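Engineer: Listed below, chain by chain, are the residues.
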Amino acid sequence: EAQVTQNPRYLITVTGKKLTVTCSQNMNHEYMSWYRQDPGLGLRQIYYSMNVEVTDKGDVPEGYKVSRKEKRNFPLILESPSPNQTSLYFCASSLEKTGTSYGYTFGSGTRLTVV
Amino acid sequence: SQQGEEDPQALSIQEGENATMNCSYKTSINNLQWYRQNSGRGLVHLILIRSNEREKHSGRLRVTLDTSKKSSSLLITASRAADTASYFCATGKEAGTALIFGKGTTLSVSS
Chain A
195 EAQVTQNPRY LITVTGKKLT VTCSQNMNHE YMSWYRQDPG LGLRQIYYSM
245 NVEVTDKGDV PEGYKVSRKE KRNFPLILES PSPNQTSLYF CASSLEKTGT
295 SYGYTFGSGT RLTVV
Chain U
2 SQQGEEDPQA LSIQEGENAT MNCSYKTSIN NLQWYRQNSG RGLVHLILIR
52 SNEREKHSGR LRVTLDTSKK SSSLLITASR AADTASYFCA TGKEAGTALI
102 FGKGTTLSVS S
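Listed in order, the protein sequences are those of chains A and U. First residue of the first sequence? That's 195 in the working numbering, and the numbers climb one at a time after it. First residue of the second sequence? That's 2 in the working numbering, and the numbers climb one at a time after it.
Treat the hints as calculated values from the structure; they're not laboratory data. Treat each hint with caution, since some may be false.
What the hints assert, rightly or not - Residues on chain U that point at chain A, a partial pick, calculated with CB under 10 Å:
#1 Q34
#2 Y36
#3 Q38
#4 G43
#5 L44
#6 H46
#7 L47
#8 G93
#9 G97
#10 L100
What the hints assert, rightly or not - The list that follows gives simulated cross-link-like pairs (lysine-lysine, DSSO-like), each with its CA atoms no further than 27 Å apart:
#11 A:K265 / A:K212
#12 U:K70 / A:K291
#13 U:K94 / U:K104
#14 A:K291 / U:K27
#15 A:K251 / A:K212
#16 U:K94 / A:K265
#17 U:K104 / U:K27
#18 U:K57 / A:K291
#19 U:K71 / A:K291
#20 U:K94 / U:K70
#21 A:K251 / U:K94
#22 U:K104 / U:K71
#23 A:K251 / A:K265
#24 U:K27 / A:K251
#25 U:K57 / U:K71
#26 U:K104 / A:K291
#27 U:K94 / U:K71
#28 U:K104 / A:K259
#29 A:K259 / A:K211
#30 A:K211 / A:K251
#31 U:K27 / U:K94
#32 A:K291 / A:K265
#33 U:K104 / A:K251
#34 U:K57 / U:K70
#35 A:K291 / U:K94
#36 A:K291 / A:K251
#37 A:K251 / A:K263
As the structure is a prediction and not an experimental result, all values here were calculated from the model. Ideal placement from N, C-alpha and C gives every residue a C-beta, glycine not left out.
Next up, chain A with everything else stripped away, as it sits in the complex:
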């Protein structure tokens, strides 16, 4: 089944403790992206990647890092999480950045709470 797999589904952590949210897709998509979703603010793009070793900032990149060492994986790293990073996070992938062919495929989400 074609899908984007995110882990973990839920995560509670403490301020300053480094964490990684994993994202993997099995569709050979070139484009991958991370979003955070907050009430009243909609989906905001954090980082995206056009291909292996090619990443770029989205609208809200501060406090986050990403890497794209393999085509299928695009982990999101929070090196020193803070409470304002408490949010619902989504990974998405697509054949291309514009999503013109088949749109974006989203993972099931990671609900992160930083205390």
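Following the hints, complete the assembly by docking chain U onto the known chain A.
Structural biologist: This is chain U only, laid out in the frame that chain A set:
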């Protein structure tokens, strides 16, 4: 970088009724897409309409696009309780730019 704006923000209807949601955008696009999100879950792609198309159907979904008014509508016919979700429009522009998502319409269908 908000582009699409859905209206209404929330909609409550009874099962069997039709649900209509609208999306307005500011600048020219080459495609517009609609997504559904069940509570706390990932967005699911529903339908894509290109700027040279005026109407598209998929099962109980009907999407229209009026580029002169910079607006689109999503009609769900004969709604079911399982249609309860948030619906987002996303606009695509020229090559090299990412989809931009609106803030969504929350649809509640009661039985």
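Engineer: Does each hint hold? Answer for all of them.
Structural biologist: Going through the hints against the structure:
1. Q34: 5 Å, holds
2. Y36: This interface hint holds because 7 Å falls under the 10 Å limit.
3. Q38: Holds. Min distance 8 Å.
4. G43: Hint on G43 (chain U): holds, closest Cβ of chain A at ~4 Å, below 10 Å.
5. L44: Since chain A brings a Cβ to about 5 Å from L44 (chain U), closer than 10 Å, the hint holds.
6. H46: 4 Å, holds
7. L47: 8 Å, holds
8. G93: 5 Å, holds
9. G97: Holds. Min distance 6 Å.
10. L100: Because about 5 Å separates L100 (chain U) from the closest Cβ in chain A, which is inside the 10 Å limit, the hint holds.
11. A:K265 / A:K212: Distance of about 24 Å is within 27 Å: holds.
12. U:K70 / A:K291: Since the Cα atoms of K70 (chain U) and K291 (chain A) sit roughly 26 Å apart, the hinted pair holds (cutoff 27 Å).
13. U:K94 / U:K104: Answer holds: K94 (chain U) to K104 (chain U) is near 18 Å, not above 27 Å.
14. A:K291 / U:K27: The hint holds at about 20 Å.
15. A:K251 / A:K212: 20 Å, holds
16. U:K94 / A:K265: 25 Å, holds
17. U:K104 / U:K27: 15 Å, holds
18. U:K57 / A:K291: It holds: about 23 Å lies between the C-alpha atoms, which stays within 27 Å.
19. U:K71 / A:K291: 22 Å, holds
20. U:K94 / U:K70: 16 Å, holds
21. A:K251 / U:K94: 19 Å, holds
22. U:K104 / U:K71: 17 Å, holds
23. A:K251 / A:K265: The hint holds at about 18 Å.
24. U:K27 / A:K251: With Cα atoms ~23 Å apart, K27 (chain U) and K251 (chain A) stay inside 27 Å; holds.
25. U:K57 / U:K71: Given pair K57 (chain U), K71 (chain U) holds - Cα atoms ~16 Å apart, limit 27 Å.
26. U:K104 / A:K291: Satisfied, since the Cα-Cα distance of roughly 20 Å is no more than 27 Å.
27. U:K94 / U:K71: 13 Å, holds
28. U:K104 / A:K259: Holds, at about 25 Å.
29. A:K259 / A:K211: 14 Å, holds
30. A:K211 / A:K251: 23 Å, holds
31. U:K27 / U:K94: Distance ~11 Å between K27 (chain U) and K94 (chain U) Cα, so the pair holds.
32. A:K291 / A:K265: 14 Å, holds
33. U:K104 / A:K251: 21 Å, holds
34. U:K57 / U:K70: 17 Å, holds
35. A:K291 / U:K94: At roughly 10 Å apart (the allowed maximum being 27 Å), K94 (chain U) and K291 (chain A) satisfy the hint.
36. A:K291 / A:K251: With Cα atoms ~14 Å apart, K291 (chain A) and K251 (chain A) stay inside 27 Å; holds.
37. A:K251 / A:K263: 17 Å, holds
When each numbered hint is compared with the structure, no violation occurs for any of them.
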